[in-house]
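Enquirer: The whole structure should be built from the sequences, with the hints applied where relevant.
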Amino acid sequence: DVKVTQSSRYLVKRTGEKVFLECVQDMDHENMFWYRQDPGLGLRLIYFSYDVKMKEKGDIPEGYSVSREKKERFSLILESASTNQTSMYLCASSPGTGRQYFGPGTRLTVL
Amino acid sequence: GQSLEQPSEVTAVEGAIVQINCTYQTSGFYGLSWYQQHDGGAPTFLSYNALDGLEETGRFSSFLSRSDSYGYLLLQELQMKDSASYFCATGASNTGKLIFGQGTTLQVKP
Chain Z
16 DVKVTQSSRY
26 LVKRTGEKVF
36 LECVQDMDHE
46 NMFWYRQDPG
56 LGLRLIYFSY
66 DVKMKEKGDI
76 PEGYSVSREK
86 KERFSLILES
96 ASTNQTSMYL
106 CASSPGTGRQ
116 YFGPGTRLTV
126 L
Chain A
3 GQSLEQPSEV
13 TAVEGAIVQI
23 NCTYQTSGFY
33 GLSWYQQHDG
43 GAPTFLSYNA
53 LDGLEETGRF
63 SSFLSRSDSY
73 GYLLLQELQM
83 KDSASYFCAT
93 GASNTGKLIF
103 GQGTTLQVKP
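As given, the protein sequences belong to chains Z and A, one line each in that order. If you're matching positions, the first sequence starts at 16 in the numbering used here and goes up one per residue. If you're matching positions, the second sequence starts at 3 in the numbering used here and goes up one per residue.
The reader is advised that the hints may include incorrect statements.
[What the hints assert, rightly or not] Dumping the calculated DSBU-like pairs for lysine-lysine here, alpha-carbon to alpha-carbon at most 35 Å:
#, chain 1, residue 1, chain 2, residue 2
1, Z, K70, Z, K18
2, Z, K85, Z, K68
3, A, K111, Z, K70
4, Z, K72, Z, K33
5, A, K111, Z, K18
6, Z, K28, Z, K72
[To be verified] According to the in silico footprint, chain A covers these stretches of chain Z (three or more CB under 8 Å from chain A):
#, segment
7, 24-31
8, 78-92
[To be verified] In silico negatives: residues of chain A with every beta carbon more than 12 Å from chain Z:
#, residue
9, S10
10, D84
11, G93
The hints are simulated quantities; they were obtained by calculation from the structure and are not laboratory data. Everything numeric in this text was worked out from a predicted model, so none of it was measured. Virtual Cβ for every residue (Gly too), placed ideally from N, Cα, C.
Expert: Right, here's the structure in full:
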């Protein structure tokens with residue numbers, strides 16, 4: 016079974032803090048993705064990576080950056096957290112066939 | 003641009019059959035996928051259609067017509083545990099990147 020893990024299920028941070036969300040997959044997938052999900056807005060792509068050290072902006076990259084130093088690990092960074100970044104963050108990996116495998120999600124609250 | 007349309011809500015009774023439709027507009031097409039998400043959980047992959055026709059996996063089937071830019075997810079012998087949100091998604095490239103619809107909330111009633 017494909018396994019995608021995320022570093023935290025719940026996280027509470029203060030405005031202005033730097034926040035790191037980690038995602039690890041164990042299936043040697045080339046492609047990894049970060050989404051946020053908010054009620055009524057569906058899944059919105061923040062960034063994705065199709066290879067180590069490669070990244071592309073998604074639909075809502077502002078306020079976020081990413082890092083992919085190793086194939087299995089894809090990190091999402093909030094440089095200076097703001098209250099409008101309170102959301103559910105979902106990581107996914109994919110072998111590239113229309114199948115994406117999601118981690119359990121991190122519910123981030125920024126106070 | 004790319005967009006997908008699906009109904010926002012569907013209600014059905016236990017044991018019944020329900021069909022969730024999805025129409026899409028894409029500049030490139032790399033198949034149609036379906037995902038299930040329970041409240042508080044993460045989306046899980048259900049099915050993928052690259053070619054026209056019906057794919058069956060147990061109680062769930064998925065259909066694709068590329069000429070009509072249309073697909074559907076068919077759920078048979080509905081169970082209470084099928085109450086969830088269902089998302090259709092189209093492939094945007096061969097990198098596995100997907101464009102998701104807004105989701106259909108299925109409520110199964112006794």
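Enquirer: Next, verify each hint and record whether it holds.
Expert: Hint check:
1. Among the hinted pairs, Z/K70 with Z/K18 is consistent with the structure: their alpha-carbon atoms are about 22 Å apart, no more than 35 Å.
2. Restraint check for Z/K85 and Z/K68: the C-alpha separation of about 8 Å stays at or below 35 Å, so the hint holds.
3. Note on A/K111 and Z/K70: the hinted pairing is violated, with a Cα-Cα distance of about 44 Å set against a maximum of 35 Å.
4. For the given pair, Z/K72 sits about 20 Å from Z/K33 by alpha-carbon distance, which is consistent with the 35 Å threshold.
5. Using a Cα cut-off of 35 Å, the hinted pair A/K111 and Z/K18 holds, with the two alpha carbons roughly 32 Å apart.
6. Note on Z/K28 and Z/K72: the hinted pairing holds, with a Cα-Cα distance of about 24 Å set against a maximum of 35 Å.
7. Note: the segment 24-31 of chain Z has 0 residues with beta-carbon separation from chain A under 8 Å; the three-residue rule is not met and the coverage is violated.
8. Judged by the Cβ-Cβ criterion of 8 Å, the segment 78-92 of chain Z is not covered by chain A as claimed, because only 0 of its residues qualify and three are needed.
9. Interface exclusion of A/S10 from chain Z breaks down, the closest Cβ pair being 10 Å apart, not more than 12 Å.
10. Distance to chain Z confirms A/D84 as a non-interface residue, since its nearest Cβ pair spans about 19 Å, more than 12 Å.
11. Non-interface call for A/G93 relative to chain Z: violated, since the shortest CB-CB distance, roughly 5 Å, does not exceed 12 Å.
Comparing the model with each earlier hint shows violations of hints 3, 7, 8, 9, 11; every other hint is respected.
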